[in-house]
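Number of protein chains: 2
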Amino acid sequence: MPKDVYITAKDNPAVKRYRKLRDQKKARRAEGLFVAEGLRIVADALRYPAMVQQLFVTDTAWAHHGDALTAAQESGMLLRISDAVGETMHDTAHGQGVFAVCRVPERAPLETVLRPEGRYLVLCGLQDPGNMGMILRTADALGIEAVLSAGSCELFAPKVVRAAMGSVLRVPVYETDDALGLAAMLAGREIVSFAAVPAQGADVLRDGLLGDGCAVWIGNEGSGLPQDVIDACGRAVTIPMSGGPESLNAAMAAGILMWEMRRQ
Amino acid sequence: MPKDVYITAKDNPAVKRYRKLRDQKKARRAEGLFVAEGLRIVADALRYPAMVQQLFVTDTAWAHHGDALTAAQESGMLLRISDAVGETMHDTAHGQGVFAVCRVPERAPLETVLRPEGRYLVLCGLQDPGNMGMILRTADALGIEAVLSAGSCELFAPKVVRAAMGSVLRVPVYETDDALGLAAMLAGREIVSFAAVPAQGADVLRDGLLGDGCAVWIGNEGSGLPQDVIDACGRAVTIPMSGGPESLNAAMAAGILMWEMRRQ
Numbered sequence: 312m313p314k315d316v317y318i319t320a321k322d323n324p325a326v327k328r329y330r331k332l333r334d335q336k337k338a339r340r341a342e343g344l345f346v347a348e349g350l351r352i353v354a355d356a357l358r359y360p361a362m363v364q365q366l367f368v369t370d371t372a373w374a375h376h377g378d379a380l381t382a383a384q385e386s387g388m389l390l391r392i393s394d395a396v397g398e399t400m401h402d403t404a405h406g407q408g409v410f411a412v413c414r415v416p417e418r419a420p421l422e423t424v425l426r427p428e429g430r431y432l433v434l435c436g437l438q439d440p441g442n443m444g445m446i447l448r449t450a451d452a453l454g455i456e457a458v459l460s461a462g463s464c465e466l467f468a469p470k471v472v473r474a475a476m477g478s479v480l481r482v483p484v485y486e487t488d489d490a491l492g493l494a495a496m497l498a499g500r501e502i503v504s505f506a507a508v509p510a511q512g513a514d515v516l517r518d519g520l521l522g523d524g525c526a527v528w529i530g531n532e533g534s535g536l537p538q539d540v541i542d543a544c545g546r547a548v549t550i551p552m553s554g555g556p557e558s559l560n561a562a563m564a565a566g567i568l569m570w571e572m573r574r575q
Numbered sequence: 312m313p314k315d316v317y318i319t320a321k322d323n324p325a326v327k328r329y330r331k332l333r334d335q336k337k338a339r340r341a342e343g344l345f346v347a348e349g350l351r352i353v354a355d356a357l358r359y360p361a362m363v364q365q366l367f368v369t370d371t372a373w374a375h376h377g378d379a380l381t382a383a384q385e386s387g388m389l390l391r392i393s394d395a396v397g398e399t400m401h402d403t404a405h406g407q408g409v410f411a412v413c414r415v416p417e418r419a420p421l422e423t424v425l426r427p428e429g430r431y432l433v434l435c436g437l438q439d440p441g442n443m444g445m446i447l448r449t450a451d452a453l454g455i456e457a458v459l460s461a462g463s464c465e466l467f468a469p470k471v472v473r474a475a476m477g478s479v480l481r482v483p484v485y486e487t488d489d490a491l492g493l494a495a496m497l498a499g500r501e502i503v504s505f506a507a508v509p510a511q512g513a514d515v516l517r518d519g520l521l522g523d524g525c526a527v528w529i530g531n532e533g534s535g536l537p538q539d540v541i542d543a544c545g546r547a548v549t550i551p552m553s554g555g556p557e558s559l560n561a562a563m564a565a566g567i568l569m570w571e572m573r574r575q
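Line order of the protein sequences matches chains A and B.
When you read off a place in the first sequence, starting at 1, and then add 311, the result is the number in the working numbering.
When you read off a place in the second sequence, starting at 1, and then add 311, the result is the number in the working numbering.
Do not take every clue at face value.
If several chains are the same, the list does not tell them apart, and a pair holds so long as it fits within one copy or across any two.
Unchecked claim - Below, computed lysine to any residue pairings styled on SDA-like, alpha-carbon distance capped at 20 Å:
| id | residue 1 | residue 2 |
| --- | --- | --- |
| 1 | 337 | 523 |
| 2 | 470 | 440 |
| 3 | 470 | 403 |
| 4 | 336 | 429 |
| 5 | 470 | 404 |
| 6 | 470 | 441 |
| 7 | 470 | 439 |
| 8 | 336 | 488 |
| 9 | 321 | 373 |
| 10 | 327 | 539 |
If you are wondering where the hints come from, they were derived from the structure by calculation, not from laboratory data.
In this text, all values refer to a predicted model and were calculated from it rather than measured experimentally.
Same shape as in the complex, but just chain A (with noise of 0.2 Å):
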């Protein structure tokens, strides 16, 4: 192996680059780069090659899981590192020792992809990482046409990345701080805005409600949509519960809502 892809100081540039885009939203968002750890999501990004900048893999990993990564030896995107570096870029209790840094990928600006027959799911508010990832994995999942989020955690945190797999590669997601800029948007694409609400007197989910041409506005964990993004979506929709908790969990109303707009 030559000497020079292979790291043992824990202070070389491209280590420390790995820290800093692993706790730094503001590096992440200066570089359009966040990073991924773990063989099945690195495996994943693999299979999109541009979107993977650079790839660490410790000797242990290299031993047990080389065979997974021989794709990127030839790329010379691979850095092999000792395992004691690898101890200071992991981010779970149960690394594995193979972290990559990737690109967020590019997009068109989202008034001209919007179709009026596409389903959307918007996420306004929503601050739990474990909530956001599991949203985006069944999105993909579940073929939703884009993510839209506004004012919500950001989407290439490395808690997001984790729990949405290997979704946060495949799934269109466009980042928004004007919530009610983004309904008027919709609006005039003609995409019906329903706000996901757990009260009384919005539309009860049914057959038919959600489909072609929507988007279903999910609000934060703790306090739901606000008011005005309410008023601005339209209509208002409700899954029927039996009197036991106020609420579904959000990420688990946005699935099933995500399901009633693709069940169609």
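With chain A fixed as given, assemble chain B onto it according to the hints.
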């Protein structure tokens, strides 16, 4: 405040017992008790006074939330504790200084409560407490008759209780180690068992497939259901996907399938 119900010693027997119940499955099993932490779930539990055996409230929590806990004051189950004692009890980073020892609800034997027209969820080998809690919360919201656990993670572990919010107090739950025996018991009551699988060849989830008199089986997060359990179920159901991830998160799949059981 009477001195005899104000605890400042971290090794007070009641406080030590709380920590033991928090940390040891064996202790929970032996005593038929579990612990709950946080204002919301404890306030929920106080609506079922027979369930709460002991309540601990720190000075700070009492100053902020005393109003919500006055009902407990009359009952004699309330123990005031110093903030320092609370520090030794909490299990979450953002504890609120409110802790309860709760009784595992007593249930009639499963074979006496199964109804041929009931709707059941079976968790077989589920290991993630967060998934388990989210499933219990969803089952509660969607009016599933009972959740049956076969060789899954403990239903009354602190992480499950937390993720389930108050639902662990409401949803009838049954635990067994004998998955095949459970399948036979369900079949004996003419309840149709559907194994949830990501595989082709299973019935694709659609209107009318699930409804009265059925039980949906959810498997382990990584490996799914064992083949002998799939065989014992007799039928299998799959949620159609668009080709992104290989499977849905186990809790999400359970949620969509429970919604389909109930939407009929």
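Now the hints, each set against the structure:
no.: 1; hint: 337 with 523; verdict: neither (37 Å within a copy, 52 Å between copies)
no.: 2; hint: 470 with 440; verdict: both (6 Å within a copy, 17 Å between copies)
no.: 3; hint: 470 with 403; verdict: both (9 Å within a copy, 18 Å between copies)
no.: 4; hint: 336 with 429; verdict: neither (30 Å within a copy, 49 Å between copies)
no.: 5; hint: 470 with 404; verdict: both (13 Å within a copy, 17 Å between copies)
no.: 6; hint: 470 with 441; verdict: both (7 Å within a copy, 15 Å between copies)
no.: 7; hint: 470 with 439; verdict: both (9 Å within a copy, 16 Å between copies)
no.: 8; hint: 336 with 488; verdict: within (16 Å within a copy, 45 Å between copies)
no.: 9; hint: 321 with 373; verdict: within (18 Å within a copy, 48 Å between copies)
no.: 10; hint: 327 with 539; verdict: neither (43 Å within a copy, 49 Å between copies)
Checked against the numbered hints above, the structure breaks hints 1, 4 and 10 and satisfies the rest.
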